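Peer 1: Now for the letters of each chain:
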Amino acid sequence: MNSSFSAEAHSPSTIAKSDAVRPSGFTSDFGSIHIEPSNPGAFDAVHFLYDPTNGFSSIMKIFDRDLNTDMSKHAWSRKEGWMLWAPMLGLQTPDPALQFPASTKLQPYVFVRNLSAKPTNVQMRLYWRSASSNGATPPQVLTLKAGEMQKLDVVSQFKNLPKEANWATVSMLTNSGPDEVIAVAASYDDTGRYGVQTPFTDQMSAHWEGGAWEVDDAHNTLITVGNGGRKDTHARMIFHYVTAKGHADYVLEQKLAQDEQLFIDLGKLIRSQTPDAKGNVFPTSITSGSYTLLDLDDKMGNVFEGKVVTDKRYGDASYGCMQCCGVGVHAYLDQNPIGVGMGLSFSPVTVTGMDGCTDDFLDATGFFNSWWTADASIATAQYSQSNGISVGSTTTLAQGQVPRNSLRTPCHTDLKTPQSGTNVPPQFNVAYSDYIGVDWINGPSYCYYQGNSNDLIYMGDAYRGTYRATESLLIIPDLQTYSGFFKGVGQSRNYGAGSPANGSTLSAADEDGIPNDCHLWNASGFADTSSMGLVTSFPYAHQGQVEYSGAAQNPLESTYAPITWDMRTVLDTTNPQSPTAYANYNHTCFPSHQIKVNNAVIYLYTPSRYDLTYITYCLYFQYGKITGQTTATTVPPQ
Amino acid sequence: MFFARQVGFRYLAAIVVALAVCQLHAQVASTEAGVSLQKSFQGFIERFNSAQAPKDDELLRIADGIPGTRSDDVSKAIPSFCAALLRQDDRIKLAGAFMLTIVAQRSDGAALLTPHVDCIGRLLNLPDERLQAAGVGIFAFMKPSPPSSATKSLIEYLTRTDRNPMAQANALSLLLRIAPENSEVTSAVDKFLSQSLSLQVREAVLNGIANTRTENPHFTNILIAALNDRDKEIRFQVAQAFQRMPKEAVLQAQPALQKMIENPRELVDIQNAAREALKRNGLIMQSNDVEKK
Numbered sequence: 001m002n003s004s005f006s007a008e009a010h011s012p013s014t015i016a017k018s019d020a021v022r023p024s025g026f027t028s029d030f031g032s033i034h035i036e037p038s039n040p041g042a043f044d045a046v047h048f049l050y051d052p053t054n055g056f057s058s059i060m061k062i063f064d065r066d067l068n069t070d071m072s073k074h075a076w077s078r079k080e081g082w083m084l085w086a087p088m089l090g091l092q093t094p095d096p097a098l099q100f101p102a103s104t105k106l107q108p109y110v111f112v113r114n115l116s117a118k119p120t121n122v123q124m125r126l127y128w129r130s131a132s133s134n135g136a137t138p139p140q141v142l143t144l145k146a147g148e149m150q151k152l153d154v155v156s157q158f159k160n161l162p163k164e165a166n167w168a169t170v171s172m173l174t175n176s177g178p179d180e181v182i183a184v185a186a187s188y189d190d191t192g193r194y195g196v197q198t199p200f201t202d203q204m205s206a207h208w209e210g211g212a213w214e215v216d217d218a219h220n221t222l223i224t225v226g227n228g229g230r231k232d233t234h235a236r237m238i239f240h241y242v243t244a245k246g247h248a249d250y251v252l253e254q255k256l257a258q259d260e261q262l263f264i265d266l267g268k269l270i271r272s273q274t275p276d277a278k279g280n281v282f283p284t285s286i287t288s289g290s291y292t293l294l295d296l297d298d299k300m301g302n303v304f305e306g307k308v309v310t311d312k313r314y315g316d317a318s319y320g321c322m323q324c325c326g327v328g329v330h331a332y333l334d335q336n337p338i339g340v341g342m343g344l345s346f347s348p349v350t351v352t353g354m355d356g357c358t359d360d361f362l363d364a365t366g367f368f369n370s371w372w373t374a375d376a377s378i379a380t381a382q383y384s385q386s387n388g389i390s391v392g393s394t395t396t397l398a399q400g401q402v403p404r405n406s407l408r409t410p411c412h413t414d415l416k417t418p419q420s421g422t423n424v425p426p427q428f429n430v431a432y433s434d435y436i437g438v439d440w441i442n443g444p445s446y447c448y449y450q451g452n453s454n455d456l457i458y459m460g461d462a463y464r465g466t467y468r469a470t471e472s473l474l475i476i477p478d479l480q481t482y483s484g485f486f487k488g489v490g491q492s493r494n495y496g497a498g499s500p501a502n503g504s505t506l507s508a509a510d511e512d513g514i515p516n517d518c519h520l521w522n523a524s525g526f527a528d529t530s531s532m533g534l535v536t537s538f539p540y541a542h543q544g545q546v547e548y549s550g551a552a553q554n555p556l557e558s559t560y561a562p563i564t565w566d567m568r569t570v571l572d573t574t575n576p577q578s579p580t581a582y583a584n585y586n587h588t589c590f591p592s593h594q595i596k597v598n599n600a601v602i603y604l605y606t607p608s609r610y611d612l613t614y615i616t617y618c619l620y621f622q623y624g625k626i627t628g629q630t631t632a633t634t635v636p637p638q
Numbered sequence: 001m002f003f004a005r006q007v008g009f010r011y012l013a014a015i016v017v018a019l020a021v022c023q024l025h026a027q028v029a030s031t032e033a034g035v036s037l038q039k040s041f042q043g044f045i046e047r048f049n050s051a052q053a054p055k056d057d058e059l060l061r062i063a064d065g066i067p068g069t070r071s072d073d074v075s076k077a078i079p080s081f082c083a084a085l086l087r088q089d090d091r092i093k094l095a096g097a098f099m100l101t102i103v104a105q106r107s108d109g110a111a112l113l114t115p116h117v118d119c120i121g122r123l124l125n126l127p128d129e130r131l132q133a134a135g136v137g138i139f140a141f142m143k144p145s146p147p148s149s150a151t152k153s154l155i156e157y158l159t160r161t162d163r164n165p166m167a168q169a170n171a172l173s174l175l176l177r178i179a180p181e182n183s184e185v186t187s188a189v190d191k192f193l194s195q196s197l198s199l200q201v202r203e204a205v206l207n208g209i210a211n212t213r214t215e216n217p218h219f220t221n222i223l224i225a226a227l228n229d230r231d232k233e234i235r236f237q238v239a240q241a242f243q244r245m246p247k248e249a250v251l252q253a254q255p256a257l258q259k260m261i262e263n264p265r266e267l268v269d270i271q272n273a274a275r276e277a278l279k280r281n282g283l284i285m286q287s288n289d290v291e292k293k
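Heads up: the protein sequence lines correspond to chains A and B, in order.
Going by my numbering, the letters in the first sequence line up with residues 1 to 638, in that order.
Going by my numbering, the letters in the second sequence line up with residues 1 to 293, in that order.
Hint data in this document are derived by calculation from the structure and do not stem from the laboratory.
Keep in mind that a hint or two might mislead.
Stated by the list, open to error - Restricting the straight-line Cα-Cα distance to at most 20 Å, the calculated cross-link-like pairs of lysine to any residue (SDA-like) are: (1) B:K143 to A:F486; (2) A:K487 to B:E233; (3) B:K232 to A:I514; (4) B:K232 to A:S531; (5) B:K143 to A:S132; (6) A:K625 to B:D64; (7) B:K76 to B:D64; (8) A:K416 to A:S77; (9) A:K159 to A:K145; (10) B:K143 to B:E184; (11) A:K268 to A:K245; (12) B:K143 to B:L126; (13) A:K487 to B:K232; (14) B:K247 to A:I514; (15) B:K143 to A:Y449; (16) B:K279 to A:F486; (17) A:K268 to A:S132; (18) A:K151 to A:K268.
The model shown is predicted, which means the values in this text are computed figures rather than measured ones.
Input sequences plus hints: build the corresponding full structure.
Peer 2: Spelled out as structure tokens, the structure:
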């Protein structure tokens, strides 16, 4: 039957169901109510049943239905189909924890309605438990016609359900869309006074809040935590309570396989003084508190919860609902803009959201499985990582289904696509080297070969690609970072009588492999690098400075005559397509000194001479130091 | 015949005269070269008193004359270089030391400078570290060998605790060259090494010992002890140093070098240097090694 009513703005209206249905001549003892507002979202409703004769009353579940929802908004769902769970269906033999009279026998029913305009198959299964065992029934499939409602007698439907079983968690796997099947499980005795009910819900979450518990002489709290999700997970239940010393927690943790449940008799936990995961016990004087449920392994969440609070004074066990906690309002990329060097990767790129229940910031990165950029020639993205390809700017986007909640509506998931600017700024390999730009030079030392004094000569670096000392790194001024600092020295090699063997240049003919004999190759060694240093700085937004300094002493000589340098390269990326560099230099006048930026020479000093007098002048006496500053020149951005 | 003889005599006389004139010219040229070197240097150092001090490269140009100048002429200029060491201005002292260093590098450097050992040794007593180093260097560069008469002043220098440690390390190496068996040298070295020395100075000592190729076991033991130094740079330098030491010294160090090679916590570069030291002395034979000796 259809009937309409109107309600004043901001005013409650009361409709007595018995008054509403009596005129229609209903003979059925069950049914459902469908309320369709002319102004969606403008009203709320609460539904309760009462029987003044035997003192029964109970809040009846009203389900919100979102006509526009689809599976994408229920991203926690299993691939097999839309699934509903009723956590705590009381079975024929009541749990003693319910504190019903011993003779009480419950009659469990499931009320299920297909709201869609087409037939729907429902595969129902009971996961039962008794005081000593637990198990699952084989699945039963029923078909609901379009709009049909059925009342299922659980005992007759599931004949192999053990008689001693006290509770069942009921699952319904449907081939319908979300919100197209609603169901409530209720178990009452034939008087209607004693019983429990549990609505079905598809809600899974990684974070549930708002549960209240009571345990005292008149009350007990029974809770089921189930894994109705997509994979095995770890659940953590945190019971909050307050003592004279302040707030305290009791923590339970358990791994839950798919479809597995954890059953908690809170009164028993308190009375037995069972230690929690941290070894704490409940104070025996505690009678109430709240609790939090977390899925420790999965951000989307796989866990649901059901609770009944028994009241032995009235016989009713009322169910309670926690609030699933999604990610409130906005999720955004923390790095904005993302800066990543070319050929480098930056991670983690993270997404921060706000917990829909606590307003605490939370790491929401795990919700986002798709990552890309607007221009893959500049940067690419993968989960939580940005990869620089070429100098430029683009946008990084992350996309994922994010659970959302409000204070009174169920959780749903929304497709969110936070984005962030991404810059791949110019980067520079800044390399300093000093080298002897001829084939060989005379050294100051001499040795004796066959009774004759011979000046030792040293191998130079010309056409050998070698150096006396070098320092290099990769710097990204706009990111104020550098990496790959390298310092090294070339081998010093001296040669005695007979070298150069070919009369002009040192060659393979000089390499006799016999050390310390003053004939041909004589000795070799590497200088110490410990005095070679680096200072980087980023004094302005688009400027990076690299200062190399050091002293390299030929280990084969016993007089201290080091090559020294103090070279500061200043890089400016104000125009990223045309960066500039200049150098402040201060170095010995021997040998050659060079600074390259991205392989472009920005400074080169070549000595005019290679004779011993000049080398003595430059190195031993450190005369003729070369100092100055180059003009800024454009360098390749790499 | 007479004519011929007369002509011949005249010709001979002309040759004699010509030779005499040539010799006179040569003597004049030689003296001028010596005077020129001396005068140029004097002119250079006097300009330190003027408003515009001379530039370094002017000193270089004067020094460039030394290698090609005759010994006698250089000898005449040396007193002016020594005199510069007595001047108040350290820049002038250093210029004098530089000239003496270039003289020392001549093949006759020792002969020219041995008479001036006291002049050079004076540098070791100056407070300026560069001048101390120059004093050691002049001795060290002297060819064909440094004078043993420098030993005393070098030992005194090495044992002082207020001197330039790097120059002292160089002096240590020099002493091992000119007086390797002198017990006073050994004592002085031990005293020097008992001080707290910087990494660079310790490296200079180790390289200095190795570069002399001393066969004195006392100094080999100093190198062996350094193979266990905490600092990897020291271990690397000393492992390399053994590549330059005589075979007897490497034999003495063989167990320590072998231990270094087999130490799994030692750096590969250092192990390679140690291995090379043994290999060069035939103490590690590998199947693909070709003995070139």
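Peer 1: Now tell me, hint by hint, if it's right for this structure.
Peer 2: Hint check:
1. B:K143 to A:F486: Roughly 40 Å between the alpha carbons, so the hint for K143 (chain B) and F486 (chain A) is violated.
2. A:K487 to B:E233: Holds: K487 (chain A) and E233 (chain B) sit about 14 Å apart, inside 20 Å.
3. B:K232 to A:I514: violated (27 Å)
4. B:K232 to A:S531: holds (14 Å)
5. B:K143 to A:S132: Violated: K143 (chain B) and S132 (chain A) sit about 104 Å apart, past 20 Å.
6. A:K625 to B:D64: Holds: K625 (chain A) and D64 (chain B) sit about 18 Å apart, inside 20 Å.
7. B:K76 to B:D64: holds (16 Å)
8. A:K416 to A:S77: Satisfied, since the Cα-Cα distance of roughly 18 Å is no more than 20 Å.
9. A:K159 to A:K145: violated (24 Å)
10. B:K143 to B:E184: violated (24 Å)
11. A:K268 to A:K245: violated (23 Å)
12. B:K143 to B:L126: Distance of about 25 Å is beyond 20 Å: violated.
13. A:K487 to B:K232: holds (15 Å)
14. B:K247 to A:I514: With Cα atoms ~12 Å apart, K247 (chain B) and I514 (chain A) stay inside 20 Å; holds.
15. B:K143 to A:Y449: The hint holds at about 15 Å.
16. B:K279 to A:F486: Since the Cα atoms of K279 (chain B) and F486 (chain A) sit roughly 30 Å apart, the hinted pair is violated (cutoff 20 Å).
17. A:K268 to A:S132: holds (15 Å)
18. A:K151 to A:K268: With Cα atoms ~34 Å apart, K151 (chain A) and K268 (chain A) exceed 20 Å; violated.
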